[in-house]
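Each chain, letter by letter, is given below.
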Amino acid sequence: MEGHVGADGREALIDLRVFSGANGRGLTDVRAVIDTGFTGFLTLPSATIQSLSLLLFGSREVVLADGSVSSLDVYRAEILWHDEARPVSVLQSEGGPLIGMSLLRGSSLRMDIMPGGSVKIEEWGWRAKRLAATT
Amino acid sequence: MPYPGHTTEEVARRGREIYEERIRSELGSEAAGKFVVIDTDSGDYEVADEDIEASERLLKRRPGAMLYGTRVGERAAYRIGGHSVRPA
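Just so you know, the sequences run in chain order A and B. In terms of the working numbering, the first sequence opens at residue 6 and continues consecutively. In terms of the working numbering, the second sequence opens at residue 2 and continues consecutively.
Since the hints were derived computationally from the structure, they do not count as laboratory data. This list has only true hints and no planted wrong ones.
Covered stretches of chain B, going by a simulated chain A footprint (3 or more residues, C-beta under 8 Å): (1) 4–13; (2) 45–57; (3) 76–82.
C-beta atoms are modelled at their ideal positions from N, C-alpha and C, and glycine is treated no differently.
Produce the complete structure using the sequences and hints provided.
Next comes the structure, spelled out in structure tokens:
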């Protein structure tokens, strides 16, 4: 999968296709920042979550960069990841969409960090690990 | 408000309480680093590697439950922009 470093050279961006999965038919494309300080899968703003009618998974607490703890709602979605529909938990957050380390697990990430630099995410084993886990 | 009549904070507070007072001591060492999701009404819970598996399994058994989830051994379910290493 491919993305790019933004024009200011300070964010790594990737476009993702997000959909509701089994419980709905909504689909949308989002541009997410790759945040290696985020331990989860994906964050989305409430407008996107509502438009996709995502299934609610309840409340979670989140430790923020300043060490404080906040409560957020979490939902279920699916994303197109290395050509497969992958279920993910989505934290509701009004800042721009983020993707985190749980989503990147099993892939390798390479970035040329300069304005417009290339970003490449290649799977090296997440599909094999997933198959191994189900057998 | 995710669940009608209940704020996100309220569900999280109740869930955290149930976790600290009852569930934490029940979990064995094999649960370390796993994800636990709790029905904040019944106190029923499910442990799995990830949030999504635990949530789906618990909802199958307790449809409509108001859920709280957290990572065993951590203060919270997720970290955004933070750091697990404490300054010396």
